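Colleague: Okay, here's what each chain looks like letter by letter:
Number of protein chains: 2
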Amino acid sequence: MQQAIAILDSGVGGLTVVKEVLRQLPQEKILYFGDTARSPYGSRPPEEVRRFTAQIVDYFNQFNPKMIVIACNTATAFAIEDIRAKVSVPVIGVISPGVRAAIKASRSGNVGVIGTEGTIRSEAYERALKKISPNIQVYSQACPLLAPLVERGLFDGDEALQIVEQSLAPLIENALDCLILGCTHYPFLVGPISKVMGPKVRLISSAEETAREISTILYHRGMLASTGVIPLHQFFCSGEPELFKRIAQIWLNEHISSTPIVWQVPNII
Amino acid sequence: MQQAIAILDSGVGGLTVVKEVLRQLPQEKILYFGDTARSPYGSRPPEEVRRFTAQIVDYFNQFNPKMIVIACNTATAFAIEDIRAKVSVPVIGVISPGVRAAIKASRSGNVGVIGTEGTIRSEAYERALKKISPNIQVYSQACPLLAPLVERGLFDGDEALQIVEQSLAPLIENALDCLILGCTHYPFLVGPISKVMGPKVRLISSAEETAREISTILYHRGMLASTGVIPLHQFFCSGEPELFKRIAQIWLNEHISSTPIVWQVPNII
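As you go down the protein sequences, you meet chains A and B in turn. The numbering used here puts the first residue of the first sequence at 1, with every later residue one more than the last. The numbering used here puts the first residue of the second sequence at 1, with every later residue one more than the last.
Isolated chain A (complex conformation):
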């Protein structure tokens, strides 16, 4: 099935999902929308997040995508049920793939979750973990400073390390054996995060796991793209395109060097 997979995020965070889709599903065509003009979503009221997410899904409609991926944990926590009710194609969020990966990975049952204020306050991870495995202990920590760091293009260096250290400090004493990166921006910060958490804590990337879940659902619905067609990806953002394009090019790197891409800034707001 040659229609595109439509992926949306509040900004550049969802590019971590895009990178993994390009790597794990190299034949799939991608549409990406980063709502950079209104990023971050993490501290916005739920109603606003729902409205913004619905606007982007409406914009995607004209391309007739075969699947919608909400590559933003905050938007998944608040808007996924609305979007599922709105469209007829499969809708994948980033919360349950990370939940299933953490359940598979954790041996001690002590699982940490970091995310935006909205995601952590929603308790979506805790509910999803305990629904499947009631005895899991969940330690959650809102890290409101991390996504903005990534949107500024700061992935390492002293400032990044210091902010990551402060943000994760409350989790250190909890003997976690895995930590869910419950915001698609965080894989950009995997260097400082693993330095702070140490080698015994396995980091679960929503991004890798979501790409795998996309693959699973496309397979079970018979919707995988066929062999041999080079896909033409399209990237959209709502704000100033230069920084977005620069971050996308650094992050996606070899995955897009030989791939045609269309960049656009539509007026949807």
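Everything labelled a hint here was simulated from the structure, so no lab data went into it. Please note that the accuracy of each hint is not assured.
Simulated DEER-style distance windows between Cβ atoms [to be verified]: (1) A/K200 / B/R221: 29 to 39 angstroms; (2) B/N64 / A/M1: 27 to 37 angstroms; (3) B/D177 / A/K200: 19 to 29 angstroms; (4) A/I250 / B/I172: 32 to 42 angstroms; (5) A/R127 / B/R221: 11 to 21 angstroms; (6) A/L154 / B/I230: 44 to 54 angstroms; (7) A/P199 / B/E81: 42 to 52 angstroms; (8) A/R127 / B/M1: 11 to 21 angstroms; (9) A/L154 / B/E117: 48 to 58 angstroms.
Restricting the straight-line Cα-Cα distance to at most 30 angstroms, the calculated cross-link-like pairs of lysine-lysine (DSS-like) are [claimed, not checked]: (10) B/K104 / A/K131; (11) A/K200 / B/K200; (12) B/K131 / B/K29; (13) B/K200 / B/K130; (14) B/K130 / A/K131; (15) B/K200 / B/K29; (16) B/K104 / B/K131; (17) A/K104 / B/K131; (18) B/K131 / A/K29.
Now the stretches of chain A that chain B is said to cover, found in silico as 3 or more residues with beta-carbon under 8 angstroms [said to hold, decoys possible]: (19) 97–106; (20) 164–171.
Predicted, not measured: the structure shown is a model, and the values here were computed from it. Glycine is no exception: its CB is placed at the ideal position from the N, C-alpha and C atoms.
Could you slot chain B onto chain A? The hints should help.
Modeller: Leaving out everything else, chain B in the frame of chain A:
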């Protein structure tokens, strides 16, 4: 949804899937059928494997299961499409979960696959890997001596190590970065297999990955069991039950010590 997940295998191999389902989905009720009287399936003609698999699925019908899991690579390679056409519930095999995990895990693109003669000759893994990711290099090796080793209860020790060494020798030179254990018996032999392959080769267990895929599909179909009900599992085998029961108890260990289980030897052949 409180109906059971029905899991079948040629013998004890599928218990590796059961163990992971018990661990990753502790609220789900399991029916297991090990066709120990006719094990192994690995060198049987495809038509015979299809007939045996269909017989077991017919037997499961009386329990009205919510999902059928073919926890045998040979039966998945030969019979999954037949079984999908035959039943109305989701049917999960063990090949594509391992394929997706290998694609996620491999950085070099050099993926090894070991399995029974039937599985390797069917080229099911090669086709499934290349369908999703055409540039992957697949190195396959039939290991007909390994499943019988497990059915005899020999999981380590000199004889196991020697047979594993001989079986894997042709793969050693191929600079693999991951190896798919393409037979559900092989996780029993993970000790000797990782000793022979060395620490740089990541082993992909069909069992862990299949349990996770079961979780994904149940979630997306709204079929997960609800919280708080202690499930009563049922285990069946077609042959002599003593060795089967002993292997099941050793392997499932703490996962079944506090769980009620019914053991039966029905006459289906």
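Colleague: Hint by hint, say whether it matches the structure.
Modeller: Hints and how they fare:
no., hint, verdict
1, A/K200 / B/R221: 29 to 39 angstroms, "holds (36 angstroms)"
2, B/N64 / A/M1: 27 to 37 angstroms, "holds (33 angstroms)"
3, B/D177 / A/K200: 19 to 29 angstroms, "holds (23 angstroms)"
4, A/I250 / B/I172: 32 to 42 angstroms, "holds (38 angstroms)"
5, A/R127 / B/R221: 11 to 21 angstroms, "holds (19 angstroms)"
6, A/L154 / B/I230: 44 to 54 angstroms, "holds (50 angstroms)"
7, A/P199 / B/E81: 42 to 52 angstroms, "holds (44 angstroms)"
8, A/R127 / B/M1: 11 to 21 angstroms, "holds (18 angstroms)"
9, A/L154 / B/E117: 48 to 58 angstroms, "holds (55 angstroms)"
10, B/K104 / A/K131, "holds (26 angstroms)"
11, A/K200 / B/K200, "holds (18 angstroms)"
12, B/K131 / B/K29, "violated (34 angstroms)"
13, B/K200 / B/K130, "holds (23 angstroms)"
14, B/K130 / A/K131, "violated (36 angstroms)"
15, B/K200 / B/K29, "violated (37 angstroms)"
16, B/K104 / B/K131, "holds (15 angstroms)"
17, A/K104 / B/K131, "holds (26 angstroms)"
18, B/K131 / A/K29, "holds (15 angstroms)"
19, 97–106, "holds (count 5)"
20, 164–171, "violated (count 0)"
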